[in-house]
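If you read the sequences in order, they're chains F and Y.
Take the first sequence: its position 260, counted from the start at 1, is 266 in the numbering used here, and no numbers get skipped.
Take the second sequence: its position 162, counted from the start at 1, is 168 in the numbering used here, and no numbers get skipped.
Incorrect hints may have been included.
Which copy? The list can't say, so a pair holds if one copy fits it or any two copies do.
To be verified - With a straight-line cut-off of 27 Å between C-alpha atoms, the simulated BS3-like cross-links for lysine-lysine are: (1) 139 to 106; (2) 249 to 106; (3) 183 to 249; (4) 139 to 249; (5) 257 to 106; (6) 106 to 74; (7) 321 to 169; (8) 162 to 249; (9) 74 to 139; (10) 257 to 162.
The set of hints was computed from the structure by calculation and includes no laboratory data.
Values in this document were obtained by computation on a predicted structure and should not be read as measured data.
Protein chains: 2
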Amino acid sequence: MPDKQMNMARAGQAGDGTANRPIMLAIAGDSGTGKTTITAGLVDALGRDRITSIGVDDYHRYDREERKGLPFTPLHPECNYIDIMEQHLQHLALGQPILKPVYDHDTGQLGRPEYVEPREFVIVEGLLPLHTKTSIACFDATVYLNPPEEIRIQWKLSRDTKKRGYTEEQVREDLKKREPESEEFIRPQRARADIVVRFAPIEERGESATDPLSATLLLRPTISHPDLTSILSDDHRQAMHLKLIRDDDGKPVDALHIHSYAEREVTKEVEQAIWDELGLDEPVPDALGRIDPDTRDEPLALTQLILLYHLIQAKQG
Amino acid sequence: MPDKQMNMARAGQAGDGTANRPIMLAIAGDSGTGKTTITAGLVDALGRDRITSIGVDDYHRYDREERKGLPFTPLHPECNYIDIMEQHLQHLALGQPILKPVYDHDTGQLGRPEYVEPREFVIVEGLLPLHTKTSIACFDATVYLNPPEEIRIQWKLSRDTKKRGYTEEQVREDLKKREPESEEFIRPQRARADIVVRFAPIEERGESATDPLSATLLLRPTISHPDLTSILSDDHRQAMHLKLIRDDDGKPVDALHIHSYAEREVTKEVEQAIWDELGLDEPVPDALGRIDPDTRDEPLALTQLILLYHLIQAKQG
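I would like the entire structure built from these sequences, with the hints used as guidance.
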């Protein structure tokens, strides 16, 4: 790997002042859309010495107690230090350290800030990383997680009752309260993402939310994706296919469907072909696709691989 | 006052991009040198709606507990986020908000950061605001407080035993531990200040530390001071005088002596003359010189007035 790292380092030192500029990836999405799961796989794949991940929900302006008397939820920009978030993203994008605020999701309290230095790669996940033009400008690639609402509710219920100590009723009440702000502030970020990821059952096949989920990735031509038209052959068709469609706004976009019943052998071939486009000597990282220590999910693995592709490609310049 | 404020605002909008640039004053000095007392009078004089004051000791990297296992005291740059301090000072100097860390001197703990927006004027006081070239570049005027060590020890003992719950023995132990770092990091800032302030008894007059203190202000020609040669007449000579001297480094500097026995009538005349140079309609602020609610100190008042002069003069451009 050292030769490749050297190649990468040299490419970055092309005299354009970006030698120490980290590659920045945004993962935006509502509460319970899987931001943490996707991020964890990328961090494992690259290694903690090469990648920094931060959550911009740490930029909450009020703690849980203070929010009780306020007319908005944490989804509202007014409930967050958006200007400070922008400021810090700019520092990170320029390779500079920040003193990042810390919000404790368990206690709902704001605590002692922490010093964060950007490494080669920085992942920024949270509710509002794509809220402003300035914040968007800090990223090399942007992702929006867009599962159907019923899937998201199920994921959020499961996490908030198991890990954050809420009752199901509390979570449902909270979701209801947040809905207008989800619509006004979270979902508009979908249109600003280079990649929109949707994990969902394929209804035409009679799949339900409890089946392993397929994924659809909208790949907008705003960044340079791997050339899937040459990678995907008829042999792969049952596992995944690429379709040229018009997005909600009428603009052209590639839709990559990855079926939940994709066979490991087939996806492995596709993964290898995407990975090969990067020209690296190392094998495809095996940390991808992990939902928990014992479960590997092919649509998740391929989604993460495509994000990893963009990180490394951007680094190569 | 509105016309003057308007004048001041217009002067700032001269198209040089500094319209919203606040005027920044640094007050550096060791622990117990009177930074808080001097700052408080300036804040009172200008009003909290026009001036923001921050303490850079909030940039401590470790809390009191963590420091117990470390080989340095809070005076050491390694014990502070100097890079973040520089970053934040630059933001403030450009009129941008910061999310400032908070160190609680009572508990010794680091807590939830606070949002600080610069107003027209910003005072930055603390142990190390003049530690780096970048931090110095953020200021319009810089001050170093330089009382004799025996005065400082007396002030620190008084405050730390009365307000911070330490025993005299603990304070003396602490001072001993800090001495090498005072010498290495704090005192070199004296050479980087536009104004060096020294409150001290005049030994030739047989004064001691318990007498009201006289002040000596070294006014370096690095910024434009009020024209004291034309202000100070023979009538003022008993209360104060200006003397051209060479500083420790051989460079020329004006030394303004303000005697503790200066009569209010005389200092009032000098204060008015300095104030008049600013061309303002308003009277000399009467918040200056307060050591406590009932005690007014003339050397302190004149020191603060000269700092105030620099703040307002810089604002007038």
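Here is how each hint holds up against the structure:
| no. | hint | in the structure |
| --- | --- | --- |
| 1 | 139 to 106 | both (21 Å within a copy, 24 Å between copies) |
| 2 | 249 to 106 | neither (41 Å within a copy, 49 Å between copies) |
| 3 | 183 to 249 | neither (37 Å within a copy, 71 Å between copies) |
| 4 | 139 to 249 | neither (29 Å within a copy, 57 Å between copies) |
| 5 | 257 to 106 | neither (37 Å within a copy, 43 Å between copies) |
| 6 | 106 to 74 | both (24 Å within a copy, 25 Å between copies) |
| 7 | 321 to 169 | neither (36 Å within a copy, 54 Å between copies) |
| 8 | 162 to 249 | neither (30 Å within a copy, 74 Å between copies) |
| 9 | 74 to 139 | neither (30 Å within a copy, 45 Å between copies) |
| 10 | 257 to 162 | neither (31 Å within a copy, 69 Å between copies) |
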